[in-house]
Every structure is written in structure tokens, then in C-alpha cells.
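The listed protein sequences derive, respectively, from chains A and B. If you use our numbering, the first sequence corresponds to residues -5 to 631, in order. If you use our numbering, the second sequence corresponds to residues 143 to 837, in order.
Possibly wrong hints are sitting among the right ones.
[Claimed, not checked] Just the calculated beta-carbon pair ranges, DEER-fashion:
| # | chain 1 | residue 1 | chain 2 | residue 2 | range |
| --- | --- | --- | --- | --- | --- |
| 1 | A | F461 | B | S238 | 55 to 63 Å |
| 2 | B | L655 | A | I537 | 35 to 43 Å |
| 3 | B | R488 | A | A618 | 20 to 28 Å |
| 4 | A | F528 | B | Q171 | 34 to 42 Å |
| 5 | B | F496 | A | F528 | 30 to 38 Å |
| 6 | A | I537 | B | D493 | 26 to 34 Å |
[Stated by the list, open to error] Which chain A residues stay away from chain B? Per the calculated CB distances, all over 10 Å, these:
| # | residue |
| --- | --- |
| 7 | S217 |
| 8 | G262 |
| 9 | R384 |
| 10 | Y532 |
In case anyone wonders, no lab produced these hints; they're calculated from the structure. Each residue gets a CB set at the ideal place from its N, CA and C atoms; glycine is no exception.
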Amino acid sequence: MARTVLTWWIPLLILQSFLLAIAFGSNEVEEEFSESLLLKPLPDRKVLAHFHFENRAPPSNSHGRHHHLFPKAISQLVQKFRVKEMELSFTQGRWNHEHWGGFDSLSSMNAKPVGVELWAVFDVPHSQVDTSWKNLTHALSGLFCASINFLESSTSYAAPTWGFGRSADKLRYGSLPREAVCTENLTPWLKLLPCRDKDGISALMNRPSVYRGFYHSQRLHLSMVDSGEEGLGSGMLLEQSLTVVLQPDTVYDGKDLQPSWSLSSLFGRKVVGKCVLAKSSNVYLQMEGLAHQALWKNEEFELSTQPDRILRENSSFLYIFNIDKSSDSEPFDLGLTWKLPSKWSCQQAPLHASRFLMGSGNERGAIAILLKATESQDKLSGRDLTNGGRCTIRANVFQIFPWYVKVYYHTLQIFVDQQQNTSGEVLKKINVSPSTDKMSSGMMEMMLELPCEVKSAAISIEYDKGFLHIDEYPPDANQGFDIPSALISFPDHHASLDFKEELSTLPLLSKFKDKSLVRSYTEVLLVPLTTPDFSMPYNVITITCTVFALYFGSLLNALRRRIGEEERFLKSKGKKTGGLKQLLSRFTAKIRGRPAESPSSESTAAAQSSVLSSKLLFKIILVAGVAATWQYFSTDK
Amino acid sequence: MATENRDKEEEEVKTDDGSPKIKPRPIVQLGIFLISHSPVFSVVFSAAGVMALLLLPLLAKNTYISENALMPGSARSMLSHRDVSDGSKLVNDIKSFRLNHEGQGVEVQRLIGNYMLEMGAEVSYQKFQPKGNHFHPLHFFSGPASYTNLGNVSCAAYGVNVAGIIRAPRGDGKESIVLVTPYDFLNGGDYEALSLGIASSLFSLLARVTWLSKDIIWLVADSRYGDYRPVAAWLTEYHTPSFEVSDFSKCDELNISDSFRRAGTVAAALVVKVDGRSERFEDTLSIYAEASNGQMPNLDLINVVNYLAVHRQGFYVKVEKFVSLLSSSWLKTVGEIFEAVGKVARSLNPDWKFGIPAADYLEGSATLASSLYSQALGIPTGPHGAFRDYQVDAITLKVSPRFPPDNKGRQHEFFLRGAQLLEGTIRSVNNLLEKFHQSFFLYLLTSPGKFISVGVYMIAFALLVAPLPMVAASLYIDGCTTQNPAENLKSWKWLDAAKQVFALHLLGFIVTLLPYFICQVPGEQSPTNRSIIWATTSSSLLLITFVTIPGCSPFSSRLHGTNWAVLKSVTISAAFIGLCLMSIINFATAEIGALLLVPMCLMVRPIRPDLRSGRVKSLLRALCSIALVTIGFPVMFFAISKGLIGEGLVGLSLGGEFWTWLESLWAWKSATYLYIGMVHLPCWLLCLCILFHPS
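Pulled out of the complex, with its shape left as it was, chain A reads as follows (with noise of 0.2 Å):
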């Protein structure tokens, strides 16, 4: 019975959904989600993943609030806080940008600070736009389970014009370099997911062996996309991404060969069939270095699985692997085996960047930039550079300092070639916002243009520590503080790969396709403070409170103190002799802390005293005797 229903049933809600498509949908696009995984072997022994997901929200006026694919949670961060563009990234371990490249689209766009990043443009009136990026870092805190909250006050963002690299007057951007990244950030953006990690590429994210990584860098880019027509609001695109470099487990085998592979042995898991919501749902390799062969099996390595597609690009071939057919009976796993030593190298951005702390003590410091030219800079010059005549290579230098670390614009020292540079020939464009002590973060940003045959240029500059106050010392206060990465970009350096081939249907093929701007973020830099000693408030407050007894007594008793008037009063007291006033007087003194006087001569009052101590050291002597005593034989037992 049961049965007959069903297959009554199912083909009614298949009609039905296909006369919704057709009334709705005639003339629109529909919400589109695609998955993808890109390996790359990496030059050290050690393999990159990038998981890419890509969810395109179509612009609709028609759909309301409602939506099939695109997660409402974003959609709403969108309608509340009118966000043009936002990234967020949560990042573990650093980038090596000598072995992992650093003029690649990928680095250049994964490569992210430690810690949390977060900018956003907005859509609001220049006044209100403090106000929203206040309100969407407290969205984004509980969304994401982390602290991205601490964004929001004034001391920890920046507003940047055009050193960020993206010219727009309403961004903001801060970023958090100690906050540490977990599963607990993983979890919730993998909820934005409409298969989460169940099904398709995202189910390889195993979490110990995405953890176990060097580095490990969790991102969420969300745009706006014009329509261009009227009427229509505006599309939008998130794009999710998660980029590791993991360590394939080989035992070394004393030949220099690259350790082989498979995506079960890096992940521990295989791919059982895609995301049925994705409209396309592929694995890219990327082979770098090779020079002639194209081949999915040569005499330098092989693969296990046949690809669909191989790609050429410049230096590098991407072998294209759809994952349609795998199923659970026949999961993809698709493995790399090493025949041949092989070495080759990435291809480096022109200027290799470091930064710094120098100086030492508690007082002062200076911070320096140290770019140096990388190899690979000869390969680029043929890109057109010339300006004027002159080949020169344009740096953007972006930098956040907290308003503790007290830095002195004025002492900026620019070198190059280890020769100070005093003209302005290298500095082009500089803006400065000094910070203001507990209210905003300075900010600087420098435009340098070098010549190209630069060896290596140095950029310092002198700040002085401050002091915060005792409750603005965060928990381990004794670390130190942080500044932030700074920024290093190329404005006319673009990274893209470089196809031949129509790619509009792989979206991250298509998006590498785009230029790129080659940018990368420097260290974060640990200034050690002058810190109070938390341990001891107590000895603080002791301490504090004997000085200010001491002083303000002494103070007020020399103020309110006649000495001719209180003589005076003395001998008229001596003359009334009233035994309740002798009493009271005797109280008063008592508590002014001043011995009273008695009215009886001076002569008894010295016998007094004489008697008074001899009794007193008598007394004294007596206590301790009896205390003595009373020690010995409590502890004869």
C-alpha cells in the first residue's frame, strides 16, 4: 500500500518543483555551489591542499529571503550591515615564502597573517560605517566562535586608502595575531557548506590531519556582484577556502627522492562521490618545474588515477580530475608516486620581505623593514616596468602599530643598497595616522619605488613603549604585545595563471585565470612591555597606604597645629582641675595620638617616667620569661 503511494507521490513532486523552476526561474540564474580541491607538491618535501568553495547567490528581487543553496546566515551579516566585500581569515603557522612561492595567485591570496584578519567595505553613509564594522565583529564573533569581537574597539582597526590594496574609503580592517585557531572556527564555516563535511571534497577535511599541518589558513570571501540592471538588487559570491601544507608520512629511504603520496595517506580518507548539490566538483594537481612532459605517467612520477584534462600553463601543467563517477565501491583516491629525484623552485614575489624589533631595554625600539631582492627577480624584469625611462619596482608597505607602541613618523630612515636615502626619490607617497593613546591605533602607509636592480632596502623606524594602565593588561601579560603583520604589496606586480583554454565552468581555474595583485604579510612582532608585578598587589597596597598614612598624617599635624595655643590651653586646664574634664581631656589626647598631659609638675612627671620605664622593661622581661617557659615545656611532650 505504502508503495503505490510512493510512486504516486514522487513524480507529483518532481512535476511540481519543475513547474516551480518554470515559473519562477525563466529568466534567472540559479543559486550555483561548486567544489574544489588543488594539490601541489611543494618544493621542501611537503604538499599543499587548497579546498575551494565557491557559492554564487544570483541577484533576485523575486526570492525574498528565501534561498536553496546560499547560507542565510551570511545573507543576513549582508542585509544588516550592507557589506560591499568582507574577508575573514583564521590562520595557523606562517607561510614560507621562500619554499611555497610567493607570486603565485594562490599565495598571494592564501598566504594570511597568524592569527585572525578581517576587512570589510560597506555600503552605509561614512558616519555609520564605524557603527556597522562594530556590529558585524560581533556577528562574526559568534558565528565563528572566536574572538573577533575584540575588533571592535576603536584601538584595534584601521581605516586604510590605498595602502591595502584595494581603494575603497569605506573599508575597515583589523586583525587579532593571538588568537588561536581550532576546530571550533572549522566547525561552524563548515556549516555554511550545503553538504558541510558529509559528502563530496569537504569530507577529506579529517581533522587531526588538517591540524597536523605547518600551516593552516581558514578563509571566507564574500562580494557583491552588480547586476547592472535595474530593479535587481545585487548577487552575491562566497567563496570558502582552506589552504594546508601538510607533511606526507614517508620513511626517509636515503635517496633524495620527493615523498609520494595518495589523498587517503594525507587525509586519511578517500573521496566517495561528490556533493550532489554541486554543480561541479573537481580535484586539481599541480605540477610545477617540469619542463617537457605532460604525461599522467612519465619517468619522473606517476599518478594513480587517470586525469580528465591536463592544462599547460607557463611553468606549470594542472592535470584536471572529475570526481563524478567515484562512488563508494570505487572511492577517488588519487596518488603521486616519485620516481626521480626532482627539484625545482617557486617562483618568488620580487621583493622578499622581513620585519624586525631592534634596540633593547624597556624605554625604546625601533621596528624595521628588511626587503630583499629574490632570485627570481630577473625572470620578471621583462614585464613592463619602465616608468619614465627607469625600470623601478612599486611597494606598498601597509602597517597597524597599537597606540602602546608610541612611534615616532619623524624618524623614519629609509635605506637602499645599505645607503641611507634621504631624497624622495624612493619614498612616493606616504599617509600617516598617528595613533591617540587609549582611543585609536596608528596606521601608515608608504608607497616606495625602487629601481629594479635593488639588492636590498631596509625601512626603520623609533617608537617609544607605553605604559597601559593595570586592568588593561590582558591575561599573561608578561608575553609581551603584539603588532600586527604589515602588509607588502606589489601594485604593479599580478600574479595569474596563464590558460589558453575557455575555463568560465572550473571556477577556480577561472579565478587564478584573474589578476591578482602579489602581496605579503610580514611577521607579527612581539614587543615586551614593562609589566607590574601582579603577583604582589597586596605588598602594593601595603606599601602604598603606609606611605600615604605617613604623609598625610605628618601633614595635617603640622598644618592644624598651634604650638603657642595649645601651651595656652594647657596651662588653663592645669588651673581647673574638674575631674570629668581631666577625663575627657585625657580621651581627646588619647585620640589625637598626643600623650596627655597631666597637670602635676614637672619634677613628678620625669619620676614618673623613669619609674614608668624601668616598670615597663620589668613587664617586658616578665612576658617573655613566661613565654619562654611556656615554649620549653609545651614541647618537652
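For chain A, the structure is supplied; the task is to place chain B on it using the hints.
Quick look at chain B alone, frame taken from chain A:
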């Protein structure tokens, strides 16, 4: 005398106003009481101060690990035999390489660098100049100055350091731990090479572990110009590099890439050295901790090393001590007395446990004396001193194996234990979220496991200097009241004395600066010659002072001269201020200085009346003053202390030795030098003035 004076005062109060006398407040009364009985109290306090100093070994507490995060020894060692054989291989390679290749070059450095590279570290080489320490009077307390080129760089003489950095796999790179192994690439012995083996075993392990949260830097310091200089040069480059063009670029025939690599704020540093063969059955580990000006690393660092070395690796741990004191009979007697007292106390109450065996006492006081001496000298006891200038906690570990260096079988086990000790220490420091701050920074060690904190050792010094203000006040009252009681406290008589004291302190300041100018004198002078120049200029300056300022001279007539009591009072006040200031800068110097200065200042009196009176008591007093003033002369004290340590010195060589000693003090920027020149010497001169005062 003083009590009479007080009575007079009281009378005065009564007569002036004609009113009944108001009893002074208790605190004032106490002050007056102390001042009036100052001779008794000064003897009592000084004796108590010396006594407290002798008691210190008894009061030492056992060390404990204060910071919970350190958790030493809680993790199992991950060091494998493969790591150790890596270390052995490096040592063998270096040995065979040096046998085959004579002469200098950076090949050995490059060999080590290649080893580091193979392990997966980033390697950088750094050239440095051998000479760095130059005395400049104005740069005394300034921190390590920016890298200043000293002009002529000779390409022939420079050292090359190798540094390898392991980046913590999941760390944020904000902090780092430095491991230093000094090695003389030209003529390093076999024992020295063993330290490279230990460090390389450890490095091989750390390159593959996943628990690192701080980067690890292994610095192989080129110690052909001493241990300290290469480390200091590396730290200078690390913290205050010069971006200007350096003269080293000229001598680039060695073709070393100049990229200096860095890794965050340095959290702690360990210097490992292997030298000599252990005299004991076990391998010996000596800990050196004193940095410049008596600064010490956090006690927790020493505790961790000590704990792991004793309880995990079975090293015999020791700290430096004066061996000569171990055989001194008087100290033994003191120890026996304390032991007896302790026994009596325990028989009275079993809870009173302050007695320690006399042998322990002897050992403890020998260590304490050495600890005090090295702190007072203000010269770092090893390359770890360079780190302290950048507020980095660092210690030097000197390991002495119990086998000869060519014993291969033992060597493996030695590497394993040494590397395990370092691994445990680094792991503990790595656990640390904050920098070292929990435990003590001000302490004296009496053994590797016992310490005396600042709260205890302050007492001895406080008792020693306590009589100074009392005696000063009492003398001042005495000196003022001898002539005219009417203008008692309002008199300006102290002004003359203050002028004299000021003049002599100024002289002391100038004498302190003189060596700088003497060093500028062209030509190579021997230390003896320089000391003679210094002595003659100083004494002529002293004579000039005496001639130009009439009040100063002890030989001037009675009318010109100031009252000796007032002069002594002002001298004592100056000594008190000087000692208190010094105790803040370097406590140990102030303590030893007080031991010399306080009895001298308290005892000294004009000897003329004493000699004239001819009584036994007066003669004894005069003799005492003369003896104390003789010992108080810095050169004399230097000679006596040299004699005590066991190096006899006579004649002219003494001057040269003294000069060399002082030169080392200022070269290391020790505040002790300033103390000797600006506090001790003027006070001694003033005491001399009082001694020969014509009254």
C-alpha cells in the same frame, strides 16, 4: 657627652619659652636615644651585620620551580640513537677535516652549515671583528650601542659565526630560544668539538619534532677571539643592525652570503661548553650565571637545568666556589659553632632546624663567597653575559665528561645524556607562554640547589650601614656644640666640611676618568707604566687640591681647618649615600664595600691627640684606625685579596696588575669601577684627612 647635650637642649626649650616642656613624640625620642648612644649601637649593629653575613649559608632555602608552566622532566625524551649518531658523525667529520686541511678559512663553518641545512634549518653566516670593548666614560650605563664601525677593518682578522634556525612548524615565530656552542675553528681542542656533537644531536631531533612553539637558533660562535665577543657581536647584529654599508663587504673573498636571519624575540639562551675531564666519577656540569654588574638570570632557569641534570641525567652539578676557603680553619670553627648552636636549639625544640653540618656550612660559604665576588666584580662569567644586556635570561653550562675525548663508546652515551638534558630544558622553556618572571632575579647561590633571596641578604647590609646615619648625627651635634651653644643647629659650620668632601669627591671623579686619557697617550705602554702615570697624575692633582683649597688640607693650620668631628660626620653621610646608591646598582659590590668602608669610617679619628696622650687605650685606637685605613686603600685591598686567593704579589708588578684589573672592570662596563673611583676612593682620602687632622 651626648646625653649632656640632650639635657642642654631640654633646658634650652624650657628657658626660651618659659612654658612647661612638651614631651617629644616617641619616634623622635627613639631617634635621640639612638643618637645619644651611637657608639654602643654602631658596634652592635656592625657586629650584627657581619654576623648576619656569616649566618647566610644557614638561612639558604632549597630552590623550587616557581613557574608551573615549566613542568621540567614531565615529557619523555624523544631523542633517538639516530640523532646521536648524526652528532657523532659531525664531530668525526670536523676532526678528520681539520686533520687534512690546515690553515684558516671558513670550510669548517661551511661544513657545519651544510649539516644544519641537511637537517632542514635555515643557515646564515656572520662576520665580526675581534675587538669590541672600548672604554668610554660617557657610555657607561648606556645599553649596547648601535653597531659602530671602528674604522679600520682588517680583512685578515675576523671571525665567522654560523647560525642555524629551525622554524617551529606551527608556531607564530614571535619568540625563539638560542643555543650557543662556542668553538674555536682554528685550534679548538677535542673536548670543544664534543659540545658541537651534543648540540647537533639535539638539533637533529628538534628539526623533526612537532611540539615546538618557539623557533630554535643554534649559534656556533667562533671563539678564536674569546667566548664572549662572537656572541656579543651576533647579538648586536640581531638586535641593532646597521643598515649602512659595512666594511666587511670589502673582504668578500670568502664569498659568504650576507643574509642575516632572525627569529623573533629571544626568550632564553643556553651556552654549552665541554671542557676538560671531570675529576669525579660522574660527568660534571658547572653552571655559570653571573652577568655584567651582578645581574642574574631568573632562578627558574637554573632550577630547571639543575633539576633535569640531577634527577634525570645523573650529572654532578656544581657552581663556582672559592676552593681556598674550604681549608680555612676560622670558617670551619664558625661552622662548628653554628652546628653546636643548632644542636642545642634542636634539643630545646625539635622544630627549630637551623643548624647544618659544619662541612655543609664550609661548602656553602665558599660558594656564597664566590657568588658574591663574581657579582661584585660585575664581569660576566661567560658568554651568557652578552644576553643579559638584552634582558634575555641565559646561563652557561660547562660539561666535563669523565672519559678522554677519543673514547668512542662513551662518547655516544655522553652525547645522549647531554642532548637529553638540553632537550628537557628547551622543552620546558618552550612550554612557557610568558617570559621568565615568576621566580627570583636577585639572589645568591650557596649550592646549585640552594639560594638566598634578596629579602634575607639585605639584612646583613642594612645592619652594616645602619650605624652610619646615627654616628653622623651624633658627631654633628658634638662638633657644633663644642664652641657656642647659642647658635647650635643654625650654624653653617658643616658648609666648610661639605666643601672639602665635595672637592675630594670631584677629585675622585676626575681620577676615575683619567685612565681614558691615559689610554689616549700614543705609544704602547706597559700596564705598569700606565699605572705609574696614573698614580703620579692623581697624587699631583691631590696636592693641587690641597694647595688651592685651603680648608681641604690636613696639613693646614688649626684656624683654617675645619672641625674634624663635623668633617667626619659629612664624610660618613657621603659614604652612606654612596653605599645605598651602590646597593641598588650592584648589591654585592655595596656589601663588600660596606665591609671595608663602614669600620674605617666609624673608627677613624685624628691620631695626633691619641699619640700625644700616650695611654694604652688611645694608642690601641690609633693603631686600629691606621690599620683600617691601610686596608681601605683600594690597591692594598687588591693585593691582600690576591694574597688570600693564593697569588702572591710584590713590588712594582702590583701596580701593573691593579691597572689590568681596573682595565678589565671598565672594559666590561662594571659599575664597581665607578664605585671604587667615586665613592670608595674619596671616602678613603677623607678618612686619611681625618687621621692626620691637626687637632
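Out of the numbered hints, which ones does the structure contradict? Violated hints: none; all satisfied.
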